[in-house]
Every structure is written in C-alpha cells, then in structure tokens.
Amino acid sequence: YYFTVSFTHENQKALELRTEDVKDCDEWVAAISHASYRNLATEHETLMQKYLHLLQIVETEKTVAKQLRQQIEDGEIEIERLKSEIAGLLKDNEKIHASPAAAPTEDDSEIKKIKKVQSFLRGWICRRKWKTIIQDYIRSPHAESMRKRNQVVFSMLDSEAEYVQQLHILVNNFLRPLRMAASSKKPPITHDDVSSIFLNSETIMFLHQIFYQGLKARIASWPTLVLADLFDILLPMLNIYQEFVRNHQYSLQILAHCKQNRDFDKLLKQYEAKPDCEERTLETFLTYPMFQIPRYILTLHELLAHTPHEHVERNSLDYAKSKLEELSRIMHDEVSETENIRKNLAIERMIVEGCEILLDTSQTFVRQGSLIQVPMSEKGKITRGRLGSLSLKKEGERQCFLFSKHLIICTRGSGGKLHLTKNGVVSLIDCTLMEDPEGTDDESKSDKSGQDMEHLDFKIVVEPKDSQSFTVILVASSRQEKSAWTSDISQCIDNIRCNGLMMNAFEDNSKVTVPQMIKSDSSLYCDDVDIRFSKMMNSCKVLQIRYASVERLLERLTDLRFLSIDFLNTFLHSYRVFTTADVVLDKLITIYKKPISAIPAR
Numbered sequence: 001y002y003f004t005v006s007f008t009h010e011n012q013k014a015l016e017l018r019t020e021d022v023k024d025c026d027e028w029v030a031a032i033s034h035a036s037y038r039n040l041a042t043e044h045e046t047l048m049q050k051y052l053h054l055l056q057i058v059e060t061e062k063t064v065a066k067q068l069r070q071q072i073e074d075g076e077i078e079i080e081r082l083k084s085e086i087a088g089l090l091k092d093n094e095k096i097h098a099s100p101a102a103a104p105t106e107d108d109s110e111i112k113k114i115k116k117v118q119s120f121l122r123g124w125i126c127r128r129k130w131k132t133i134i135q136d137y138i139r140s141p142h143a144e145s146m147r148k149r150n151q152v153v154f155s156m157l158d159s160e161a162e163y164v165q166q167l168h169i170l171v172n173n174f175l176r177p178l179r180m181a182a183s184s185k186k187p188p189i190t191h192d193d194v195s196s197i198f199l200n201s202e203t204i205m206f207l208h209q210i211f212y213q214g215l216k217a218r219i220a221s222w223p224t225l226v227l228a229d230l231f232d233i234l235l236p237m238l239n240i241y242q243e244f245v246r247n248h249q250y251s252l253q254i255l256a257h258c259k260q261n262r263d264f265d266k267l268l269k270q271y272e273a274k275p276d277c278e279e280r281t282l283e284t285f286l287t288y289p290m291f292q293i294p295r296y297i298l299t300l301h302e303l304l305a306h307t308p309h310e311h312v313e314r315n316s317l318d319y320a321k322s323k324l325e326e327l328s329r330i331m332h333d334e335v336s337e338t339e340n341i342r343k344n345l346a347i348e349r350m351i352v353e354g355c356e357i358l359l360d361t362s363q364t365f366v367r368q369g370s371l372i373q374v375p376m377s378e379k380g381k382i383t384r385g386r387l388g389s390l391s392l393k394k395e396g397e398r399q400c401f402l403f404s405k406h407l408i409i410c411t412r413g414s415g416g417k418l419h420l421t422k423n424g425v426v427s428l429i430d431c432t433l434m435e436d437p438e439g440t441d442d443e444s445k446s447d448k449s450g451q452d453m454e455h456l457d458f459k460i461v462v463e464p465k466d467s468q469s470f471t472v473i474l475v476a477s478s479r480q481e482k483s484a485w486t487s488d489i490s491q492c493i494d495n496i497r498c499n500g501l502m503m504n505a506f507e508d509n510s511k512v513t514v515p516q517m518i519k520s521d522s523s524l525y526c527d528d529v530d531i532r533f534s535k536m537m538n539s540c541k542v543l544q545i546r547y548a549s550v551e552r553l554l555e556r557l558t559d560l561r562f563l564s565i566d567f568l569n570t571f572l573h574s575y576r577v578f579t580t581a582d583v584v585l586d587k588l589i590t591i592y593k594k595p596i597s598a599i600p601a602r
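Counted the way the UniProt record's numbering counts, the sequence shown spans residues 1 to 602.
No lab work stands behind these hints, which were simulated from the structure alone. Nothing here was measured: the structure is a model prediction, and the numbers come from that model. Hints are supplied without guarantee of correctness; some may be wrong.
[What the hints assert, rightly or not] DMTMM-like, lysine to aspartate or glutamate: derived pairs with alpha carbons at most 20 Å apart:
| no. | residue 1 | residue 2 |
| --- | --- | --- |
| 1 | 323 | 302 |
| 2 | 116 | 136 |
| 3 | 482 | 397 |
| 4 | 343 | 360 |
| 5 | 422 | 395 |
| 6 | 482 | 494 |
| 7 | 216 | 158 |
| 8 | 405 | 360 |
| 9 | 83 | 94 |
| 10 | 131 | 110 |
| 11 | 422 | 466 |
| 12 | 266 | 356 |
| 13 | 269 | 193 |
| 14 | 13 | 43 |
[As the list claims (entries may be wrong)] The calculated label-pair distances, taken between Cβ atoms and stated as ranges, are:
| no. | residue 1 | residue 2 | range |
| --- | --- | --- | --- |
| 15 | 148 | 120 | 37 to 45 Å |
| 16 | 579 | 423 | 27 to 35 Å |
| 17 | 31 | 579 | 49 to 57 Å |
| 18 | 148 | 31 | 51 to 59 Å |
| 19 | 586 | 527 | 26 to 34 Å |
Heads up, the beta-carbon is just placed ideally off N, CA and C, and yes, glycines get one too.
Could you build the full structure based on these sequences and the hints that come with them?
This is how it looks when you write it as structure tokens:
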C-alpha cells in the first residue's frame, strides 16, 4: 500500500512511501496530516490569505477614491464651463434689452450698492455663525475625547512599529544565525535547543507585521479610524502568545544551560555586539513579547475611556479587552517565575569568575546589599575593636546576594565588575546563624568606636560535609538592616530544612511513614469554588494559593502536614484584611485541643 507526500517548496521531490497493510497506511496519513508543522503552515497560509484580502480591499478603496476624485474634477470643469456660458448669455441679453440712448439712472446705481452691502453682511453673519459652531465643538468634551483617542492610536502605531523592529532583530540577528550555526560541522547548539529558546518567535513576528500593516492602512484613512476588526484578526492567534509565555521559563533555562558551552557563549556575545542590538542581550529580546499583551490591554483601556458609549466600535473593543485580560490572567502566574531567572542571570553576568549555582532555576533571589566582612582573629574570635575602623570599612566592604539556597559574597572591582571572595559561595543548608556573636570583655571595652558598632554584626558558621568548616562574620550599617538580613537568612535556612524533611518523608524508601491521603489529596492542587491555586510552588513544594475563602486559608494555616514559613508570614501580615484576630485565635485553640482535626479528611 502506497501513499505520496508532496511539498509546496519548489524543486522538492515528492516522497513515495509504502506500508505493509491498510491500517498502517491510514495511521501514517492521519499522523502526517495532523503534524505540528502542517498546522503552523496552515495558520501561516490563513494569515497570508487574510493579509492579501486586506491589501485587496485597500487597493479597491484607493481605486474607488481615485475615480471619485476624477469625477469631482470633471464636474468642477463642467460647472466652470456652464458659468462662463451663462455669463455670456446674460451679457447678450443685457445688450438686446438695453437701448443706446437709455442710460442707467441714479436710483439703479444706489440699489446695486445696497444689494452689494446686504450680500456682504449676509456672508459675514453666516461665516460668524459657523465659526461659533466650530469653536464650540472644538471646546466641547467630545472633541477633546476624540483628540485624546487619536493620540492613543498614533502612539499605538509608534509602539507597534518599535515592537515589530524588536521582533525583526530577534529573528534576524539571533534565531536565523543560530539555526545556521546548528547546521555547521561543529554546532555550538542543537536545532532542538534553538527551537526551544525561540518557540513561536518567527510566527509572532509575521503576525505583528500583518497587524502593523493593517494599522498603518487605518491611519491613512484618518480621521475615520476603525480598529476593532484589526483586533478581530489578532484575537484568534493569542494561543501562540500563550505557548510562548508557557515556554518562556523553559527557554531561559535552556539558554542558561547553553551558555555553559564556551563556543556558544562567545558566538552569542558576537551577535549581541551588533549595532542593531544597542547593547541589549538575547534575554532582553526574549522578554519583549511577554509585555505586549499587557500593553494592548492598557491601550484598549485608554481607547475605551475616550470612546463614546454609542460609538460603533464600543462593543468590539470591549470584547477584545475582555479576551486579552482573560489571557493576561492566565499568563500572570507563568511570568512571575521567569522574572527570578532573569534576575539570577543578570547577577551571574556581573561576576567575572561566573557562578554556576545561579544557573540553577530553583534558586530564588531574596535580597542584596552592602555588608562589611570582618576577618577572624587567630583564636577564631571577632576583634570588636576593629569594627569601627575606617580601613576595615573600606577593605571589608562586600556585595552580598542572598538566594533561597545560597549566600554569594563578592568584592566590587574598579570597573564595577564583581569578584567572588574566598569561600564566597555559602550553602545555606550547611549554615548556622548566630545573630548576636560575643567577643571577650577586654576586646569589647578596648575601643569606643567598636562599641558604637556593637550589635550590628552577625555570624554564619558553615560546616560543609566534604570540607573544613569556616565562619563568616558580617556587619550591617544599621540595626534595621541587620534585622532584615538575619530574618531573611534564618527563613531561608528554615525553608531548606523544612523542605528537606518533607521531601524525605515523601520518598518511597523513607523511614518516615506518611499516610497515602497526603500524597493523593487533590485539594492541594485542584481549583474549587472557594479556592484558586497559582502555578508556582511554595517552600513545601505545594502550589501557592492565589485566593481562597477564610475557612480554606485557616485550614491551610493549621494543616500540620505543610508548615510553610512563607505562608505563615504572609498570613500574619494580611489576615486583618479579611478576618479578625478572634477568629484566628478560636481556630488555633480548637487545633490545640484537638490536633488530629488539623488534617482535613477529604
């Protein structure tokens, strides 16, 4: 049994394939006809047909307008000819009726002057009336609203042109060159990685090129601006954006992994050094489509604010805004996680030696700032007498970056670049935090400046499993800053240890016995009438709550299976908005008296 696969490309031979039986033949034909490339080709062909249809409509309108202008010009020429003919006939008629001896009287002369004055006055009154009407309209709220609406449309055209240019740079300066590099003898990147990083980028560029051309055609017909049908073209293609956003985090992960290849990193820096990029990185260009949907929503909000309720486009623009807002809500949860990856990559670029742990996508940025690192004495104790010295403040200043799993300690060079210090990558899982380290009494009394800096230092004792333990002593500039740093570090350490305990408990070979209902509890991830979940996970690897009823929030707060510190902090800071302290205390008292009720039976 045979079937043939033909291609639309020129000079591409058709493939003749054979199967053993009819069933295999039908399955192959069905699989090929539903292939993703075929769908993309069909969507692209549909877009091009719509684009050609729009161009045909524009050309038809131009032809009709040209014909109308020609008819108007012919009519004006005919009017001038008739006027001259009438004037000649009137002169001939006057010559026939006027006798040579008859001379115009003085009264006829006065009447002509009066008529001329009356004609002038009538024209002046008419012009004054129209001028008043026009000025009143110019000052009216409707005219002001239309002016602002036109300004929104013109700014939308400028921003769309800029966005199309950004997509053009993304495709032509990065996507297509990397595809060619992937086809070389020694490829620095694979075709699969290129497809993962630039998923739907080229399709999005084609879509917005069509949208931009349609928008320019609408501007050309100003002051009649009809935009709703343009959004009707855009709305069916929003699933492309949704796929791009859903893939964005994965694309940054793949990009971070590929950058570990020196050949790829060198090639990428050459692409980023091109004048068109204007010193912008590939991550920046991959980020632009993420903000396009919110930009359209803001534009539609402004358009609707300046569009009258009886306007013909009001309902269509409202529908487009609602669809975009619905998509934006879906995309919101998927965007927040990518922001953390971009932050980590930006910090990693600043470190000259590089920092591989920042390429771990599970690292979450917490805070950064300047702290003073104090060297340890030979006896292993902090010399408080040096805390206030100017030389220590200058030599010991460090740029510290706290992440969910590590603390990075760097020095800043003269060019603004960062350099890792010795033992500058501190794993928090091996750390013990001491907020009030103590020195000897003699040292604490030896220097007055040291007393001024007292209680601003804190100690981190690091005990790695595979190397010698060491101590890091840091000094903050104020008590508030010290409190913020120690609180965040302590919370990160607790989160790691809590997460480790929970993961060990869930392992099949764990010695800790966990009821099966915890692993199969759908209430921890399935949306319901009284609760909605985000796509991100908290420290216990459970989906974060987007919003929920008071009962469900109290239920999660007292659920002994998942004692999440970050959820507890969020709840304590915000519970007064939706409930009272009495309700929370009553729930806690109930759990204290009946602990078994803390695990809901579902």
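Results of checking the hints against the structure:
1. Taking the CA atoms of residue 323 and residue 302, the gap is near 16 Å; set against the 20 Å cutoff, the hint holds.
2. Restraint check: the Cα-Cα separation between residue 116 and residue 136 comes to about 30 Å, which exceeds 20 Å; the hinted pair is violated.
3. A C-alpha spacing of about 15 Å is found between residue 482 and residue 397, which places the hinted pair at or below 20 Å, so the restraint holds.
4. Restraint check for residue 343 and residue 360: satisfied, since their Cα atoms lie roughly 12 Å apart, inside the 20 Å limit.
5. Restraint check: the Cα-Cα separation between residue 422 and residue 395 comes to about 14 Å, which is no more than 20 Å; the hinted pair holds.
6. Of the supplied pair hints, the one linking residue 482 and residue 494 holds, its CA atoms being roughly 18 Å apart against a limit of 20 Å.
7. The straight-line distance between the Cα atoms of residue 216 and residue 158 is roughly 10 Å, inside the 20 Å bound, and the hint therefore holds.
8. With a CA separation close to 10 Å, the supplied pair residue 405 and residue 360 stays within the 20 Å bound.
9. Using a Cα cut-off of 20 Å, the hinted pair residue 83 and residue 94 holds, with the two alpha carbons roughly 17 Å apart.
10. Taking the CA atoms of residue 131 and residue 110, the gap is about 32 Å. The hint is violated against a cut of 20 Å.
11. Note on residue 422 and residue 466: the hinted pairing holds, with a Cα-Cα distance of about 16 Å set against a maximum of 20 Å.
12. Annotation: proposed proximity of residue 266 to residue 356 holds, straight-line Cα distance about 17 Å (limit 20 Å).
13. For the proposed pair residue 269 and residue 193, the alpha carbon gap of about 17 Å is at most 20 Å, so the pair holds.
14. Restraint check for residue 13 and residue 43: the C-alpha separation of about 24 Å exceeds 20 Å, so the hint is violated.
15. In this structure the hint that residue 148 and residue 120 lie 37 to 45 Å apart at CB holds, the actual value being about 40 Å.
16. Checked against the given bound of 27 to 35 Å, the beta carbons of residue 579 and residue 423, roughly 46 Å apart, lie outside it.
17. For the pair residue 31 and residue 579, the supplied restraint of 49 to 57 Å holds, since their beta-carbon distance comes to about 55 Å.
18. Taken as a hint, the range 51 to 59 Å holds for the pair residue 148 and residue 31, whose Cβ atoms sit roughly 54 Å apart.
19. Checked against the given bound of 26 to 34 Å, the beta carbons of residue 586 and residue 527, roughly 28 Å apart, stay inside it.
Consistency with the previously given hints fails for numbers 2, 10, 14, 16, ordered from lowest to highest.
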